[in-house]
Amino acid sequence: MRLKADGLACTRGGREVFDSVSFGLSSGEAMLVTGRNGAGKSSLLRMIAGLVRISSGRLELEGGGPDTPLSEHCHYLGHQDAMKPSLSVTENLRFWAAFLCADRAVEPALEAVDLRPLADLPAAYLSAGQRRRLSIARLVAVPRPIWLLDEPTSALDSPSQRKLTDLMSGHLMGGGMIIAAAHGPIGLERARELKLGPA
Amino acid sequence: MSAFTALLTRDIRLAIRVGGGALMGALFFLIVVTMTPFAVGPDLALLARIGPAILWLGALLASLLALDRLFATDHDDGSLDLLMMGSLPLELSVGAKAIAHWLTTGLPLVVIAPLLGLMLNVELKATGWLALTLLVGTPALTFIGLVGAALAVALRRGGLLLAVLVLPLTVPVLIFGVAAANAAIVGPAPFGPPFTILCALSLASLVLGPIAAAAALRHGLE
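Protein chains in written order, with our numbering: chain A, 1 to 199; chain B, 200 to 421.
Keep in mind the hints are simulated off the structure, nothing from the lab.
Be careful, since some hints might not be right.
[Claimed, not checked] If you only want the chain A side, here are some residues facing chain B, beta carbon under 8 Å, derived:
1) Ala-49
2) Gly-50
3) Leu-51
4) Ile-54
5) Cys-74
6) Ala-82
7) Lys-84
8) Ser-88
9) Phe-95
10) Ala-98
11) Phe-99
12) Glu-111
[Claimed, not checked] Below, a sample of chain B positions facing chain A; criterion: calculated Cβ distance under 10 Å:
13) Thr-208
14) Leu-282
15) Leu-405
[Said to hold, decoys possible] Beyond 12 Å from chain B on every Cβ pair, some chain A residues (computed):
16) Met-1
17) Arg-2
18) Gly-7
19) Ser-22
20) Arg-53
21) Glu-72
22) Ser-86
23) Glu-91
24) Ser-127
25) Arg-144
26) Gln-161
All of these numbers come straight from a predicted model, not from anything done at the bench.
C-beta atoms are modelled at their ideal positions from N, C-alpha and C, and glycine is treated no differently.
Bound conformation, chain B alone (with noise of 0.2 Å):
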């Protein structure tokens, strides 16, 4: 088994063990949505209206929940020191472990979200397309965030400081996203381009997300 592998299966088992918190964020996805209907009222065509808003919104929230802990845990127990010290580059263990997330709490919010789409009135062969637009566009940001995480451990703070940090720089996910979902539930302007760049922002953020984290990492060395 190499480095990498050993990483991300290690992170998979802590996140679905006791405590580990794999489905928090999609029990926290299903608490959001279904409060929506209670705040807006019972007006079906509005909430079909706005539902792929709202299970954007909602996949947004959770997938940011868990991320604070990403790295924390890590660096309290001293893995975090070990790790560096390891031959596999930083950028690919910090890769690893943001996979192992996304598999662990994006992934989950993409299986849910047909099944809360049918509580906002949206409807079933929708909810498909809306789910496609999740599996694309929920890597973008959980990368993003990983670069949120990096930095609240290298500068001891955690919590807010994260959400404040990494919200802003997932808008454009969100509105390429939302943008998809409603292209291809109510039209008329084409699915093709926004689902196009919501691939392209998910890539980049890949890319450019672990370079960043390992960055963040490193300079948190004192």
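One chain only, chain A, in its complex shape (with noise of 0.2 Å):
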């Protein structure tokens, strides 16, 4: 499987983002977008996630299968956790499991994020480390091969963020694709780099 982007633009309220982004992306590879902030961080990655409508240039993954779009072959993570304060921490990514794909065990994804012992806890009551870790149990639970993570590090403690390195290792080993929005280093050590916006 392989991503390749050709001369991507970004438009946002007139305004352009960025333009000619060309990158390549293999199975276990992983790639770090940086750059200042408004560089078009976010934008890309929601840009690959079909979130955002691409104003000209190219992007496909090759080997996904003729009649998947490239959204259904992407995790995104973002700034915001996708959760219902209502619904139990179970619940929640029960849902997910279900809608994202078929029914498959959450509990093993909860365990991956150390939340089991809160599996029955309404997530109102997570803090945002642990609302962090429940969506991040959503990319265990559901496997779909390019995860789309925006600053993933964000209120995770420093065990936590061992944790995710751990997932991303093992995700990248099993032929998964990465691509990460960040300002600092977030323990993938063979990420390639990709700088956005003038230097």
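Combine both chains into one complex, guided by the hints.
In structure tokens, the structure reads:
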């Protein structure tokens, strides 16, 4: 599987955020998107996820199957956690697992992010870091090859960051791809860097 | 469990949990209907005559009340992004949300309508007919409102815009709903024609509503 971007441009609100961004990413590779505030890191991730319109350029996934759009191969971990406060941790995760693919046991995913003891707690009572871990559990519960992570380490304490690093390396070992937007290192040593905006 | 039923059950569950507001519509309906006799006065004949119209108007406003949160909460917490990335077509996701919304806000209105009819001096047998017209007509209100709710999210304006957009579109539903109810209660016009048109309005909006709402949400992408 190979994700290829060629001359991507993004225009938001009449302003050009970036143009002619090109990269290629193969299975097992990671890419770190860096740049100043407003350079378009989040826009690029959302563009790959199909949530922002591509102004010009091409984006394609080789070997992804002709009928499946790119967005269905992607997991998007944005700034919002998409969890409902009145549902319990398990209910939230079970919903996304059922909605995004088929029925899968969500307990192993909760185990992977150390949220098993809080499984029955309404998500309203989780801290920011715990909510973040719950969103990360979604990536574990539903297998999809491309992970798009927007500042994944924000709000995470250092043990949780290490756990995330382990999960990310496991995903890459299994032939997945990771594209992360971040300001600092997120524990992916072999990641390539894509710098957006003026140097 | 398929993606469709998963979304349907989640939205129903959210609506009946604390802060979900499933019964807010029914409560609003109750208040509107209760206030009418105070405004109109204790003229029983007059109340019975305008009863069906008041009940229909009350149901219309009540079903509009909760609509602006239909997509707004999902938009605010990022769920809408993920709903768009699922393998379920957006039209069906939107339809599942609308069905859940109708079951939790539209259906309670139909259930309490006969009770509220008594407060307006509408006979019990007549309120049965009235509830039937509401049962058939309220899905049309929800699915027309769905388009407004999607537009409000796409344009990032909430609240009043929705009412201004949606209310004019619900006029045909109101006309044929009240006409069918009046035909059943006082006659002399036959019940069949307005009732069938009401069914047609519901069925048409059931198909067109989700398509238009999904298009509005997609357009909201920048």
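So which of those numbered hints doesn't the model satisfy?
4, 8, 12, 15, 20, 21, 22, 23 and 25
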